[in-house]
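Q: In order, the protein sequence lines correspond to chains A and B.
If you're matching positions, the first sequence starts at 1 in UniProt numbering and goes up one per residue.
If you're matching positions, the second sequence starts at 1 in UniProt numbering and goes up one per residue.
Read the hints as simulated data drawn from the structure, not as lab findings.
Quick caveat, the model's predicted, so the values are computed rather than measured.
A few of these clues could be false.
Derived lysine-lysine pairs resembling DSSO-like cross-links, with alpha carbons at most 27 angstroms apart [as the list claims (entries may be wrong)]:
1. B:K368 - B:K341
2. A:K88 - B:K323
3. A:K179 - B:K97
4. A:K9 - B:K97
5. B:K118 - A:K119
6. B:K118 - A:K88
7. B:K122 - A:K129
8. A:K88 - B:K495
9. B:K323 - A:K82
10. B:K341 - A:K9
So these bits of chain B aren't anywhere near chain A, every CB distance computed over 10 angstroms [what the hints assert, rightly or not]:
11. V17
12. M37
13. R103
14. F106
15. F174
16. Y259
17. G305
Even glycine gets a Cβ: it sits at the ideal position worked out from N, Cα and C.
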Amino acid sequence: MAEITYICKRTVVSTKPTQPRKYHSFSILDHLMEKNHIRIVYYSKSWGEKEAGEITVSLRESISEMLTHFPKVTGRLIRNEKGNWMIKCNDAGVRMVEARAKGSVEDWLKSVDREKELKLVYWEDMIHKPYFWSTFYVQITEFEKGGVAIGLSCFHLLADPICATMFLKAWADKTLGQKMVSPPFFHTLPTRRPINKTSNHKPYTDLINHYKFSIENTTPFLDANHTHTTITLSFSDHMVQACMDMVQPTSTPNKPNPSSPFEALAGLLWICISKVKGLRNGLVNMSLCLDQRKVLGLDKGFFGNCMVYNKVHSNGLEEHNLSQATKVIGEALEKMDNEGIMDLIEWLEHNDSQSHPLMNNCDLICASLETVEPYSVDFVGGFEPIQVSYYVEPVIGIGQVLIFRAPSYDGPLGRVVMVTLPKDEIVKLCEDELIFHLSPRILMGVARNYA
Amino acid sequence: MPPILPDFSNSVKLKYVKLGYQYLVNHILTLTLIPIMAAIFIEVLGMGPDEISNLWKSLHFDLVQILCSAFLIIFIATVYFMSKPRTIFLVDYACFKPPITCRVPFATFMEHSRLNLKNNPKSVEFQMRILERSGLGEETCLPPAIHYIPPNPTMEAARGEAELVIFSAMDSLFEKTGLNPKDIDILIVNCSLFSPTPSLSAMVINKYKLRSNIKSFNLSGMGCSAGLISIDLARDLLQVHPNSNAVIVSTEIITPNYYQGNERAMLLPNCLFRMGGAAILLSNRRSERRRAKYRLVHVVRTHKGADDKAYRCVYEEEDKEGKVGISLSKDLMAIAGEALKSNITTIGPLVLPASEQLLFLLTLIGRKIFNPKWKPYIPDFKQAFEHFCIHAGGRAVIDELQKNLQLSSEHVEASRMALHRFGNTSSSSLWYELSYIEAKGRMKRGDRVWQIAFGSGFKCNSAVWKCNQSIKAPTDGPWADCIDRYPVHIPEIVKL
Chain A
1 MAEITYICKR TVVSTKPTQP RKYHSFSILD HLMEKNHIRI VYYSKSWGEK
51 EAGEITVSLR ESISEMLTHF PKVTGRLIRN EKGNWMIKCN DAGVRMVEAR
101 AKGSVEDWLK SVDREKELKL VYWEDMIHKP YFWSTFYVQI TEFEKGGVAI
151 GLSCFHLLAD PICATMFLKA WADKTLGQKM VSPPFFHTLP TRRPINKTSN
201 HKPYTDLINH YKFSIENTTP FLDANHTHTT ITLSFSDHMV QACMDMVQPT
251 STPNKPNPSS PFEALAGLLW ICISKVKGLR NGLVNMSLCL DQRKVLGLDK
301 GFFGNCMVYN KVHSNGLEEH NLSQATKVIG EALEKMDNEG IMDLIEWLEH
351 NDSQSHPLMN NCDLICASLE TVEPYSVDFV GGFEPIQVSY YVEPVIGIGQ
401 VLIFRAPSYD GPLGRVVMVT LPKDEIVKLC EDELIFHLSP RILMGVARNY
451 A
Chain B
1 MPPILPDFSN SVKLKYVKLG YQYLVNHILT LTLIPIMAAI FIEVLGMGPD
51 EISNLWKSLH FDLVQILCSA FLIIFIATVY FMSKPRTIFL VDYACFKPPI
101 TCRVPFATFM EHSRLNLKNN PKSVEFQMRI LERSGLGEET CLPPAIHYIP
151 PNPTMEAARG EAELVIFSAM DSLFEKTGLN PKDIDILIVN CSLFSPTPSL
201 SAMVINKYKL RSNIKSFNLS GMGCSAGLIS IDLARDLLQV HPNSNAVIVS
251 TEIITPNYYQ GNERAMLLPN CLFRMGGAAI LLSNRRSERR RAKYRLVHVV
301 RTHKGADDKA YRCVYEEEDK EGKVGISLSK DLMAIAGEAL KSNITTIGPL
351 VLPASEQLLF LLTLIGRKIF NPKWKPYIPD FKQAFEHFCI HAGGRAVIDE
401 LQKNLQLSSE HVEASRMALH RFGNTSSSSL WYELSYIEAK GRMKRGDRVW
451 QIAFGSGFKC NSAVWKCNQS IKAPTDGPWA DCIDRYPVHI PEIVKL
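Model the full structure from these sequences, guided by the hints.
A: Following this line, the structure appears as structure tokens:
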């Protein structure tokens, strides 16, 4: 049913011209994400203006003002001498699509699924002439009976989900007329100071090995026409607490629960997904993906890719034991420290090959977006968004799990989990007993009619 | 090879000779009158008071003679004052400041051009070359309908743009002058390419609830010089209607005229025309004398339409695919030069000081009688005017006029900077330029301004204004937020 009508597509530019002849090159972590793109959908209730289109107008004005601080976003891609991408800050702007939808946001959310939700965020794959291709797309869909959906999609080369969220936060701050909390920080990744290079320094090999493996194995696990679908589960505070308790059934008073919400939920989903895939003994290959801004000592507003993958070693885990799975996850997380990441970056820069792979083409990727608060992005003034969804596309590996913080009414431990798997497996996942036991709220389920 | 004489000493001597000549001829009356009066005064001083009273008595005035002479003087004075044309004052004017969200940087313009004209890379290349050399900046604005991919020029969007531009300019004018809409007696709106029914002037009357006996006019199809045509019309009307206010709205609505085809000659206007508008308040009321900014001195209109080439040089027509656009012919600059020459031939005697006119006359006689090979003397208009507002039709127009009139770069600065900041806003560009001069604080009492505009047809119109009072740099207006950045250096070719 044609619920969404597209009104127009246009380009929004910043309010102040950018300085001419400025270029921006990418780090090695950026180049590794060349084949992916991110999509974020924000649902918000209406504010102030009641006339159709007025919200769009005010959002357009605020994004223009905000884009003055993001010359990288309004620039265009060109190749540098080495043949790698770089951005020419030519002030071309960002594409914006405006749409209208029938009904209200609440009605929409009752029956939304992946396919419908992706209609709210416009994306174009790179065209033949990348110099005229916008790397960021924004879609504003106004619901006739109230509510607004803001869709942001961007090329993963320029941004990771963390800074894409900060971009939205900056836009929201500007819409409310406030100053930006964390202005964007465009900088290269930190390099190791020469003094620290001691002779008997062994590079941390685990991370490097994982990346080496991914780069060398570029064939996708699943073919492209295997349809995936996504569901969103919301775990409130007590559900996450229950999950953490399952990890550590006997939490003695002087040893507090060592696992974090992320570890617990990641472990839970790892086991459930392995079961769904039919693995009786052992677990599927999984990689974790975490934000390293704090680890590297970078400012929260660092704009660029700063999320690193690490494989979780499931050797020796025969049965589906949540505590053991979580423990192994914790170990993998600990190894992603400053030294390890710096080693990895150095190795990658040394071995920079032209063909950049899809980092998420084999394993189950479990990404943590813990370092941002998506529900704190407030366009209305005093109201949290009704719902937020993240997608990192394309997913052609085993599957993908994204875990991020839940709205404040779900408590500090509350988390939202978005799982992307092949259609048939998702159905089985919903019926899994572990998940059923915790009974999370299903924010977005499977489409009712599927072949 | 003869030794090159040091030009310096020669030019210095020549400069003083020129100055001396100009002073002599321009003040010839004063210079002849003063010695005569001095002589009489000395004579009178020489005579004693008795001789003066004797002289007085010998004149034999009787009552009838005195009365008749008095009546004659009064009669002549009355006829003189009655037949003198009413002074037209420009009380104030307001320019439309486009919203910053309508800005079109070069990169965006080129990108849209590329996306909309997918099948014609040559046309895109052409547009890029034009844009590089156009003299426009990165802050010019296009109306919202043109920002769409593809552009969506509906009539509703065109009306929307008209309302935005005209109502903003008029609101701004009312605020600046404190004018009550009910006090407007004459309304003239000129917009060349968009002419809906009811007219734009009717739109203004409807919005501001103007009086039912208002004299309203809507001029369309008259090109970029329509602004000065409106001024001329207002002046003539204000001669007939005493004690009246006239509001003139000059604008060009871009939305319906964005050419969407591939013909190169028709793509040129897309690259240059931008959103803009101005509202001007003219009055012939005595009470406005104190606060009016300018006084209208002359309006000279020249029309070269009788010449076929001139008539066809800016022509709106359909291209091979049936898309309507305005085609500019290759000899546009030559025709503009001709039209300018015609215009300055008419305006020269009205404004040039006697020294320049005498030189011109002498050279003319010399050429006719003695030697036709003498170079025609181009009068120095810098002596007649302090400020020049040349319609910012494009960089070529300004360059051509600068060359023809031998103006310095400071004289054409207002035109170049208005082109850079606002683009070619058609009939309102003269007002943006005037606003620039005021914003720079250069307008002093008694300064004379020459506004020159070219338009399709082919027309060349000029208006001469005299500044009524020194104008302090205004804190509002279209240049308020960016005047400190100007003047900028505009490179010959901007690398895109």
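Q: If a hint holds in the structure, say so; if it does not, say that too.
A: Evaluated hints:
1. The hinted pair formed by K368 of chain B and K341 of chain B meets the criterion: a straight-line CA distance of about 18 angstroms does not exceed 27 angstroms.
2. A threshold of 27 angstroms between alpha carbons decides the hint, and for K88 of chain A with K323 of chain B the separation of about 35 angstroms lies outside it, so the pair is violated.
3. Between K179 of chain A and K97 of chain B, the direct Cα distance comes to roughly 26 angstroms. Compliance with the 27 angstroms bound is thereby established for this hinted pair.
4. For the hint linking K9 of chain A to K97 of chain B, the alpha-carbon distance of about 25 angstroms falls within 27 angstroms, and the restraint holds.
5. Among the hinted pairs, K118 of chain B with K119 of chain A is consistent with the structure: their alpha-carbon atoms are about 26 angstroms apart, no more than 27 angstroms.
6. The suggested pairing of K118 of chain B with K88 of chain A holds, with an alpha-carbon distance near 22 angstroms, which does not exceed 27 angstroms.
7. Between K122 of chain B and K129 of chain A the CA atoms are separated by roughly 15 angstroms; this keeps the pair inside 27 angstroms, and the hint holds.
8. With a C-alpha separation of about 13 angstroms, the suggested pairing of K88 of chain A with K495 of chain B holds against the 27 angstroms cut-off.
9. For the proposed pair K323 of chain B and K82 of chain A, the alpha carbon gap of about 45 angstroms is over 27 angstroms, so the pair is violated.
10. Pair hint K341 of chain B plus K9 of chain A does not hold up; C-alpha atoms about 48 angstroms apart against a cutoff of 27 angstroms.
11. Every Cβ of chain A is farther than 10 angstroms from the Cβ of V17 of chain B; the closest lies at roughly 48 angstroms, confirming the non-interface assignment.
12. Once the 10 angstroms rule is applied to beta carbons, M37 of chain B is consistent with being away from chain A; the minimum gap is 63 angstroms.
13. A beta-carbon of chain A is positioned within 10 angstroms of the beta-carbon of R103 of chain B; the least distance is around 6 angstroms.
14. A beta-carbon of chain A is positioned within 10 angstroms of the beta-carbon of F106 of chain B; the least distance is around 8 angstroms.
15. Every beta carbon of chain A lies more than 10 angstroms from that of F174 of chain B, the smallest distance being close to 25 angstroms; the non-interface claim holds.
16. Even its closest Cβ contact with chain A, about 19 angstroms, leaves Y259 of chain B beyond 10 angstroms, as expected for a residue assigned away from the interface.
17. Its beta-carbon lying about 40 angstroms from the closest one in chain A, G305 of chain B satisfies the requirement of being farther than 10 angstroms from that chain.
The structure is inconsistent with the numbered hints 2, 9, 10, 13, 14, although it conforms to all the rest.
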